[in-house]
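Colleague: For the protein sequence lines, the chains are A and B, in the order given.
So for the first sequence, the working numbering puts the first residue at 1; every next one is plus one.
So for the second sequence, the working numbering puts the first residue at 1; every next one is plus one.
Source of the hints: derived by calculation from the structure; they are not laboratory data.
Treat the hints with care, since some could be wrong.
[Said to hold, decoys possible] Simulated DEER-style distance windows between Cβ atoms: (1) E279/B to G52/A: 27 to 33 Å; (2) Q207/B to Q162/A: 32 to 38 Å; (3) E62/B to E243/A: 55 to 61 Å; (4) E181/A to A238/B: 40 to 46 Å.
Beta carbons are placed, not taken as given, at the ideal position from N, Cα and C, and that holds for glycine.
2 protein chains.
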Amino acid sequence: MASLVERMQVVAIAGTGLIGGSFGLALRAAGFQGEILGISSPSSIEKAIHHGAIDRGATLAEAAGRADLLYLAQPVGRILAVIRELPRILGERALVTDVGSTKQIIVDAARKYLPPGSFIGGHPMAGKESRGVDNAGKDLFRGRTYVLTPLRPEDIEDARVQDLLEWIRRIGAREVIMGSEEHDYRVAYGSHLPQLASTALAATLSQTETLTGPGARSTTRLALSAFDIWRDILATNAEPITEALTAYIQELEHIRENLRTRAIEEEFERGAAFARGLE
Amino acid sequence: MASLVERMQVVAIAGTGLIGGSFGLALRAAGFQGEILGISSPSSIEKAIHHGAIDRGATLAEAAGRADLLYLAQPVGRILAVIRELPRILGERALVTDVGSTKQIIVDAARKYLPPGSFIGGHPMAGKESRGVDNAGKDLFRGRTYVLTPLRPEDIEDARVQDLLEWIRRIGAREVIMGSEEHDYRVAYGSHLPQLASTALAATLSQTETLTGPGARSTTRLALSAFDIWRDILATNAEPITEALTAYIQELEHIRENLRTRAIEEEFERGAAFARGLE
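Next comes chain A alone, as it looks inside the complex:
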């Protein structure tokens, strides 16, 4: 496997924030010896170099021409814009992947604009409510699920994708391969719904005088997440999210109607069993 991995010599990370910066730090910590380029604003590049997440800055054109792996770690809307720019500048040997939280719209754009076999969608199930390379860390992906959504099943067999898979394992993540539609449905429940539940809770509590304990803090922490990332996610996965919100509202209505009945115990047991599974 080592010989395979050595083929990846130049990695370019577009968007050197929390996820992109952590990817650079994790690659280095896992033994990556090649060059790591960063594509971002001058101030972000400076910070990312300072933290050791990248070696130097580059333009998208230079990076796309030279990179073995082009890693798009930006908000969904920016990822879509970059994919549309790539046909003119992408080098022949480059594999492009991204970290966007919605995959179908990105995979569709890649299918339309990029050469077959040059793109695989990605979504590391890592992150936190704080952002920027200052919050990045080499262990952000450790123990986390890393979803890959190939455009065609055979893309997984591609040597460059196998290289990427090997590095995903080396940085401590567990890869899961699935279709983009299935991914989007599952994250609507498992990731987008928790965000909106937390935001809605905090917004509700902000409208009245409350007495809060530690529980309010832990359940509303996610509401600190940056909106400019979520704007794109909500707009590009609206249908599955609507379904997830409806299921959640129905559950809350069921609880509201059963505050004094035994039926509520079942919901607590179900919820506790699920939460224990995530521990």
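Chain A is fixed; fit chain B onto it per the hints.
Modeller: The following block gives chain B in isolation, referenced to the frame of chain A:
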């Protein structure tokens, strides 16, 4: 103030779990020199002694007869049952307080069964989803709000209540005095709603295949809370909780209808501002 506080020589804690055990540990750490009795099952008493939270076990009758402070740290239903037992056994100098998450029903029971001036409702806004004296700690109350709900305004001036207040400050909590009705309304939003939001979220996610990240974990952790404590809370504060759930459901519906509009940004900003305030 020291002379006041020294009047409190015997503290009896009924229910030596997370809150009761932590109160004993916190008193000791804050310099309490008197005796700490525990009222609980033999196995809980043994564990509480082992952790240093109490000195020895006692029957409710002995404890109520001897204690300067009788601290009821049980589920709401048990607190109500104990209050009904106290008229036959409570010593003349004892001040009774409790830690129940709903106050109006408890204050009403105290008004009915106990001598005027012998009871003040309490609610430390501390706790966690894990329970038992094994999870107790001397710092559980540090930096937390500690609500006191007097039956009559003048009860606050009582020397025994002033002693209790001094110890509440010494264990690092901040007292807040308010009426039981206002308390129950405010905790319905600030404490009971976050619990139900988390339980409902976990119960919803348990019903489908999901891809979860760190956000799902932080927002569903509260769903691990023990139901036997929450059964009593939900049953005794059902009206304010119903109102809070309705406000939350309306907020979620508003978000669901605005996933692709600018209105969603305002909810994120409002939510983030609230969450920042709890940091």
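Colleague: Next, verify each hint and record whether it holds.
Modeller: For each hint, the structure was consulted:
1. E279/B to G52/A: 27 to 33 Å: Check passed, 28 Å falls within 27 to 33 Å.
2. Q207/B to Q162/A: 32 to 38 Å: This hint holds: roughly 36 Å between Cβ atoms.
3. E62/B to E243/A: 55 to 61 Å: 59 Å, holds
4. E181/A to A238/B: 40 to 46 Å: 42 Å, holds
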